[in-house]
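Engineer: Chains as they are written, first to last, in the UniProt record's numbering: chain A, 1 to 202; chain B, 1 to 202; chain C, 1 to 202; chain D, 1 to 202.
Among the hints, a few may not be true.
Because identical chains cannot be distinguished in the list, a pair is counted as satisfied if it fits within a single copy or across any two copies.
Claimed, not checked - Pairs of lysine-lysine residues, derived as PhoX-like cross-links and limited to a Cα-Cα distance of at most 20 angstroms, are as follows:
hint : residue 1 : residue 2
1    : K177      : K136
2    : K136      : K76
3    : K177      : K138
4    : K156      : K76
5    : K64       : K188
6    : K150      : K54
7    : K156      : K188
8    : K64       : K40
9    : K188      : K80
Hints listed in this document are in silico derivations from the structure and should not be mistaken for laboratory results. None of these values were measured; they are calculated from a predicted model.
Protein chains: 4
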Amino acid sequence: MDITQNSVSGESRGRPRSNEVHRSILDATLSLLAEHGVEKLSIEMIAQRAGVGKSSIYRRWNNKEALIVEALEQIKPEFKASAEGDLNEVLYELARNFAQQMNTPLGKQMLSLLISTISGSSQISESFWENHSLPKTKEISSIIAQHRSKERLSDKVNVDLVSDLLIGFVMYQLLFKPPSTGLDASLKQGIELVVNGMREPN
Amino acid sequence: MDITQNSVSGESRGRPRSNEVHRSILDATLSLLAEHGVEKLSIEMIAQRAGVGKSSIYRRWNNKEALIVEALEQIKPEFKASAEGDLNEVLYELARNFAQQMNTPLGKQMLSLLISTISGSSQISESFWENHSLPKTKEISSIIAQHRSKERLSDKVNVDLVSDLLIGFVMYQLLFKPPSTGLDASLKQGIELVVNGMREPN
Amino acid sequence: MDITQNSVSGESRGRPRSNEVHRSILDATLSLLAEHGVEKLSIEMIAQRAGVGKSSIYRRWNNKEALIVEALEQIKPEFKASAEGDLNEVLYELARNFAQQMNTPLGKQMLSLLISTISGSSQISESFWENHSLPKTKEISSIIAQHRSKERLSDKVNVDLVSDLLIGFVMYQLLFKPPSTGLDASLKQGIELVVNGMREPN
Amino acid sequence: MDITQNSVSGESRGRPRSNEVHRSILDATLSLLAEHGVEKLSIEMIAQRAGVGKSSIYRRWNNKEALIVEALEQIKPEFKASAEGDLNEVLYELARNFAQQMNTPLGKQMLSLLISTISGSSQISESFWENHSLPKTKEISSIIAQHRSKERLSDKVNVDLVSDLLIGFVMYQLLFKPPSTGLDASLKQGIELVVNGMREPN
DNA sequence: ACGTAACCGAGACGGTACGTCAGGTCTTATC
DNA sequence: GATAAGACCTGACGTACCGTCTCGGTTACGT
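Take the sequences, apply the hints, and build the full model.
Structural biologist: Listed below in structure tokens is the structure:
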């Protein structure tokens with residue numbers, strides 16, 4: 001996702017780019033994103049908040065979109081799938097963890113922006129999808145596949161389908177539901193229903 | 001969602017607002033939205049395409065956002081739930097119908113914009129949610145509830161949860177999946193899985 | 001100066017134009033002119049202040065400029081040249097009278113507008129000049145001519161030149177001098193100087 | 001009259017303002033002023049003619065009026081009073097020189113605009129008056145005073161009054177007289193009359 | 001040790017679109 | 001047919017950002 005030009009390539013003469021500057025730009029971007037949202041976000045605001053010149057931003061990123069995308073990557077959720085417990089428990093743990101990290105102003109901005117850029121079919125978001133979201137999806141799918149064989153679940157069900165179902169459900173809950181609707185309980189019930197749907201009908 | 005001042009209320013003094021103008025603005029907005037996307041959309045472009053002065057736009061809507069929201073309402077999908085068949089068939093019919101209407105450039109713009117404005121918590125999108133999306137959700141819930149009693153499905157499952165699961169799934173498929181991935185088949189399988197999950201475990 | 005279309009011409013069918021409306025438009029124009037100046041004056045403001053529709057204004061005058069010109073004519077100064085006294089006294093009386101009528105916000109607006117439109121060479125102001133200003137100039141010239149023969153003044157001096165000299169002087173005093181500079185005294189001295197200049201050099 | 005912020009004061013951080021841009025804006029303003037007059041003048045037109053962004057104009061001047069005033073200052077006439085000859089000759093030289101510079105479309109625009117803004121009592125024009133017109137007036141007064149003592153003219157006459165008389169006369173001729181009325185001859189006669197008026201009546 | 005190339009903050013630059021305002025025209029219902 | 005109201009198209013206003021550029025000044029590497 002980094003579009004910097006001479007980070008690695010060149011022979012690196014002259015003053016090297018300051019990591020401090022890099023960080024403060026990303027920090028400023030994230031805090032302003034959380035405070036005002038994507039629409040009201042301006043590069044000039046970011047530069048001022050970061051105590052940085054505009055050129056230092058454009059030296060690192062080609063345009064506003066690229067900066068925002070990289071900033072949001074900073075907070076992309078860590079999946080830590082504990083291998084213990086049955087599928088229900090593992091998925092719930094996963095979902096709760098993901099939801100917790102996303103259920104913040106910044107997290108919602110990220111989801112919403114991801115969706116916006118996806119449906120705008122910008123190439124930047126495509127690479128974001130391929131490099132980050134897709135692998136995670138596959139990870140979930142493989143977890144499901146592992147448990148499918150251990151627990152007596154129908155081997156006819158498409159595990160990718162199940163992960164889509166769950167991811168869509170979690171995102172929908174996060175984006176559309178008022179924050180105080182007992183999110184965790186909903187997740188638990190939804191997952192149970194889906195896992196139950198994977199059982200061989202008797 | 002309409003912000004017009006004297007549409008219904010007033011005593012109708014002066015020249016009435018032209019419905020023709022109203023329509024051509026909305027039409028121009030939709031066609032430009034489909035052609036260029038939200039980011040590139042400009043009021044000046046809309047006015048020109050519609051053959052209308054900018055003031056005629058701002059007389060009806062307070063700003064660009066309000067216009068876009070109302071324009072997108074124009075294409076909000078019609079749910080026509082056929083009462084025939086079992087739950088699987090009814091839901092599939094519903095989903096396929098919805099997906100078909102949304103699986104267009106404009107439809108995706110609409111979904112993505114809906115999500116953006118939702119997570120930006122603007123009051124405009126809140127009312128949109130309450131007036132349009134929520135009732136549709138309830139409609140689906142009630143359809144599920146009716147079938148739950150007829151077919152032998154567990155009466156422990158929360159029907160709202162099921163509809164959330166399905167809506168989230170359909171939206172996710174629409175927004176994130178490449179257009180040529182056998183959408184209909186995926187929908188069918190996903191619905192079957194969920195409905196299967198509603199059965200009493202034997 | 002009146003540009004009305006069917007005042008006299010037509011057979012006058014239908015409702016006749018209201019003189020009341022005409023007056024209140026002119027009054028509103030003058031009061032707003034005095035309050036805000038030409039620059040800030042808007043037709044919509046005038047219509048509102050006069051309690052009148054915009055069309056009633058445009059039915060009577062072709063555009064803003066025409067309305068303003070006619071409004072300012074309302075307050076054009078009355079020359080009442082008392083025939084008594086010597087030239088000095090007569091001219092002073094005339095000048096003081098003119099200055100008094102012009103030394104108001106409206107009067108200055110009028111002079112300044114007259115000059116603006118003159119140098120813009122609009123046809124409206126040309127007719128204004130020919131119909132009103134020029135005759136007055138000639139009147140002054142003839143007064144001077146009469147006294148020239150009575151009092152022993154050089155018959156070589158061009159009376160038009162003298163009136164131009166005086167008018168220019170009075171206008172300059174009105175427009176450029178702070179209001180509290182002893183205007184009357186200046187006028188008196190200036191006139192004396194000019195009249196003295198008309199005497200045959202001994 | 002200059003409203004620029006960091007021309008002289010600041011510590012000169014950031015890219016300095018381009019003199020070239022400054023000049024081309026003023027030039028464009030003047031040429032458009034001469035072509036179309038004040039009324040038809042638009043900032044957008046100026047920007048285009050100058051090959052400049054609107055922001056570069058508004059960075060230097062707060063609004064259209066301020067720009068126009070400064071542009072007109074560019075063409076303010078140079079008085080070059082030759083000290084040779086008697087008062088008649090000196091004043092005629094001065095007047096003819098001034099008239100020549102002002103007897104152009106731009107010159108008339110300038111005079112008329114000066115008067116408009118003066119009578120609108122805007123603070124901008126006040127400073128213009130104090131910084132430029134008033135000193136010139138005083139200069140003329142002092143020239144007259146010098147000659148008054150040399151030539152045998154009454155020391156009772158107020159020299160400021162005489163200069164007002166002359167300035168008013170010249171302006172009036174410039175603004176109100178058709179361009180081909182023998183301006184120079186009129187000026188000569190008028191000045192002779194006034195100078196003659198300064199003589200002690202025998 | 002010392003040039004010098006690339007960095008840095010600041011802010012001017014040419015653009016584009018915003019939302020507002022006014023001018024002059026047109027269209028209602030009412031008088 | 002005049003009237004008050006107000007919608008209509010047009011076009012300029014002054015503002016806010018975008019992404020680029022140009023200043024003076026500052027590192028840290030390579031000679």
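Engineer: Evaluate each hint against the coordinates.
Structural biologist: Verification of the hints:
| no. | hint | verdict |
| --- | --- | --- |
| 1 | K177 - K136 | between (24 angstroms within a copy, 15 angstroms between copies) |
| 2 | K136 - K76 | within (11 angstroms within a copy, 32 angstroms between copies) |
| 3 | K177 - K138 | between (26 angstroms within a copy, 14 angstroms between copies) |
| 4 | K156 - K76 | neither (33 angstroms within a copy, 36 angstroms between copies) |
| 5 | K64 - K188 | neither (38 angstroms within a copy, 40 angstroms between copies) |
| 6 | K150 - K54 | neither (56 angstroms within a copy, 65 angstroms between copies) |
| 7 | K156 - K188 | between (24 angstroms within a copy, 14 angstroms between copies) |
| 8 | K64 - K40 | both (12 angstroms within a copy, 14 angstroms between copies) |
| 9 | K188 - K80 | within (18 angstroms within a copy, 31 angstroms between copies) |
When each numbered hint is compared with the structure, violations occur for hints 4, 5, 6.
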